[in-house]
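With these hints in hand, go ahead and build the complete structure from the sequences.
Residue numbers for the sequence shown follow the working numbering, beginning at 69 and rising by one.
Rather than coming from a laboratory, the hints here were simulated on the basis of the structure.
Hints should not be assumed to be uniformly reliable.
Computed cross-link-like contacts, DSSO-like style, restricted to lysine-lysine with a CA-CA straight-line distance of at most 30 Å [unchecked claim]: (1) LYS291 - LYS348; (2) LYS350 - LYS302; (3) LYS277 - LYS361; (4) LYS297 - LYS196; (5) LYS564 - LYS574; (6) LYS301 - LYS348; (7) LYS348 - LYS133; (8) LYS291 - LYS301; (9) LYS406 - LYS361; (10) LYS277 - LYS301; (11) LYS406 - LYS277; (12) LYS361 - LYS302; (13) LYS361 - LYS291; (14) LYS196 - LYS291; (15) LYS302 - LYS348; (16) LYS291 - LYS277; (17) LYS277 - LYS350; (18) LYS196 - LYS133; (19) LYS348 - LYS361; (20) LYS350 - LYS301; (21) LYS291 - LYS302; (22) LYS350 - LYS291; (23) LYS297 - LYS277; (24) LYS350 - LYS361; (25) LYS350 - LYS133; (26) LYS302 - LYS277; (27) LYS575 - LYS564.
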Amino acid sequence: MKFRSFKISRNFHKWTGFVCAIFILILAISGVLLMHRDSLDLDQIEISAQYLPDKYFRLVKDKLKIQAVAVHPENGSIIFAGTGNGLFRSTDGGQTWQSLHDGLRDGNIQALVISPSEPSMIYAGTSKGIFLSEDGGDHWTDWFEESSGLSHIDIRDLILHPEHPELLYAATPGGLFASQDGGDTWELTFDGGSYQGAADVRFVRFSSKARSLYIGTANGVFKSTDGGKHWDKKWEDALPLPRELLSLDTDPEFIYAGTDEGLYISYNRGITWVRDPTSKDKAVRQLVVDPRKTTHVYMATRHQVFVSPDGGDSWNSLGFEAEDGATLDLLTLVHSPKQSSPTLMAGTSEGFYISSNGGRSWGETSLAETIQQKAGGHLKMDLVKLMTEIHTGRFFGDYVYLLVDIATLGMVFLVFSGFAMTVYRKRVAQSKKVTLQVTEQVTEEEAVDNLLNIQETADDLSQESLEIHDMIEHINSHLAKCRSVYISKEKKEIDKIGKHITTLDKKMHHLMERMEEFYKLSQN
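Below you can see the structure in the form of structure tokens.
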């Protein structure tokens, strides 16, 4: 290693160590805070969304895509609508809407479920976990994520057991999770096993009497008859990949499977299947049954809504068709005590539509009008979650991988540059010049440091000598011009020469000081 390379390596070593120290300090502080979050009550400290990156909130568009709908089991006028930009509630059947955001730290609502025994208890599945409200959506007090055992927090679907509301199931891209205590703790009950892609669970459904559990995955449908302990793959060769599943309380049980190639019906608990000719080549997105008339089945395709009054033998198109460019994503049915016909709600990628007369006429309700600012402006994140985001790297988004790579390379460079400088210093210490200068008053380390300082001073003096030489050459060029300038009675060049001579004088004085410093170092 040359001395100039040694100087460059030493500077890089110093600054790289400084940057890596900051990176490690951030990890250490966030880790310590997470370890003592209970004793410090960090979950009580909330950070406003205005201080968080833009990814924690979204701008509300003119129209909102409806991703989830839930209706109060005792009051059909109370409707909850989950969108990609927040959660909304209507108490007048969809005429007006209110934004719900107090404690709801993620605006991407992908699943909603209301407890049938306690309607004020609402669960919201989001892309960052599950939130719980115990007062009808006004406040969201609990947040279930990794710390509760929910290792995959992107919730695709969420259901409650109709007879045991403390039992929940959550569908995620990493499998099916179950909670037996109302969401406080979760355990993985289906991970796909040996089936490739089966861990990607898209939906979860109960059979008509809640005796069996069905899940739709990227590898097909699986069934469990013991609450999720054991699973069997079903209808592998009988059906295309289902997007939706519905079973009727009949004997034998009727099962309807919605696929991208149409509707398939089984009248014998899934033993055999027939393809419905009405929905041929229509992608079936949602299936619902009228709880008062179980033979009335409603089907939502990509753009239309159909009804069958006879359990699927025949289908009639209702007066709904999604506008151009929009797709129909979900369909919900609810009965009002004051109406004989059911109320239908259709959510599309562009808006929310309601029919109070069984589908004969439809009206659009605009949710976006309830908010004229960023949905995330109402959101807050507690300090524990923020520290978790920072410690795990999710806070930095896509740049975290680059940051980790840079820190890793920095640590590697620290090791190699430190090793190289150590070897270089050892070679200097072993040189004859150093060993001859080591006396009783000067240790070997001090001698090495003195020699390195002498080399650095000599290197600087050499650079300054070159600068003085260049200055002299520059002055000579001005002197050459001065002859012609003097003849033309112009004095600009003479003034320039005077300035350069002054600068040269300063350089010479500085050089003499460095020479004296060099002399003192060499004497040591």
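Here's how the hints hold up against the structure:
1. A threshold of 30 Å between alpha carbons decides the hint, and for LYS291 with LYS348 the separation of about 26 Å falls inside it, so the pair holds.
2. Among the hinted pairs, LYS350 with LYS302 is consistent with the structure: their alpha-carbon atoms are about 23 Å apart, no more than 30 Å.
3. Distance hint between LYS277 and LYS361 is fulfilled; the C-alpha atoms sit about 16 Å from each other, no more than 30 Å.
4. For a cut-off of 30 Å, the pair hint linking LYS297 to LYS196 stands: about 26 Å separates their Cα positions.
5. Distance check on the hinted pair: LYS564 and LYS574 sit about 16 Å apart at the alpha-carbon level, within 30 Å; holds.
6. Distance restraint check for LYS301 and LYS348: the Cα-Cα separation of roughly 25 Å lies within the 30 Å cut-off, and the hinted pair is therefore satisfied.
7. Among the hinted pairs, LYS348 with LYS133 is consistent with the structure: their alpha-carbon atoms are about 26 Å apart, no more than 30 Å.
8. With a CA separation close to 6 Å, the supplied pair LYS291 and LYS301 stays within the 30 Å bound.
9. Using a Cα cut-off of 30 Å, the hinted pair LYS406 and LYS361 holds, with the two alpha carbons roughly 17 Å apart.
10. Distance restraint check for LYS277 and LYS301: the Cα-Cα separation of roughly 20 Å lies within the 30 Å cut-off, and the hinted pair is therefore satisfied.
11. Of the pairs offered as hints, the one joining LYS406 and LYS277 holds, with about 28 Å between alpha carbons and a cut-off of 30 Å not exceeded.
12. Restraint check for LYS361 and LYS302: the C-alpha separation of about 28 Å stays at or below 30 Å, so the hint holds.
13. With a C-alpha separation of about 27 Å, the suggested pair LYS361 and LYS291 falls inside the 30 Å cut-off, and the hint holds.
14. Distance hint between LYS196 and LYS291 is fulfilled; the C-alpha atoms sit about 27 Å from each other, no more than 30 Å.
15. Note on LYS302 and LYS348: the hinted pairing holds, with a Cα-Cα distance of about 22 Å set against a maximum of 30 Å.
16. Taken as a hint, the LYS291 and LYS277 pair is honoured in the structure, with Cα atoms around 14 Å apart against an allowance of 30 Å.
17. Restraint check for LYS277 and LYS350: satisfied, since their Cα atoms lie roughly 29 Å apart, inside the 30 Å limit.
18. Straight-line distance between C-alpha atoms of LYS196 and LYS133 comes to about 18 Å, which keeps the hinted pair within the 30 Å bound.
19. Between LYS348 and LYS361, the direct Cα distance comes to roughly 25 Å. Compliance with the 30 Å bound is thereby established for this hinted pair.
20. For a cut-off of 30 Å, the pair hint linking LYS350 to LYS301 stands: about 25 Å separates their Cα positions.
21. The hinted pair formed by LYS291 and LYS302 meets the criterion: a straight-line CA distance of about 7 Å does not exceed 30 Å.
22. With a C-alpha separation of about 26 Å, the suggested pairing of LYS350 with LYS291 holds against the 30 Å cut-off.
23. Between LYS297 and LYS277, the direct Cα distance comes to roughly 18 Å. Compliance with the 30 Å bound is thereby established for this hinted pair.
24. This hinted pair checks out: LYS350 and LYS361 have alpha carbons roughly 25 Å apart, not beyond 30 Å.
25. Using a Cα cut-off of 30 Å, the hinted pair LYS350 and LYS133 holds, with the two alpha carbons roughly 21 Å apart.
26. Using a Cα cut-off of 30 Å, the hinted pair LYS302 and LYS277 holds, with the two alpha carbons roughly 19 Å apart.
27. Taking the CA atoms of LYS575 and LYS564, the gap is about 17 Å. The hint holds against a cut of 30 Å.
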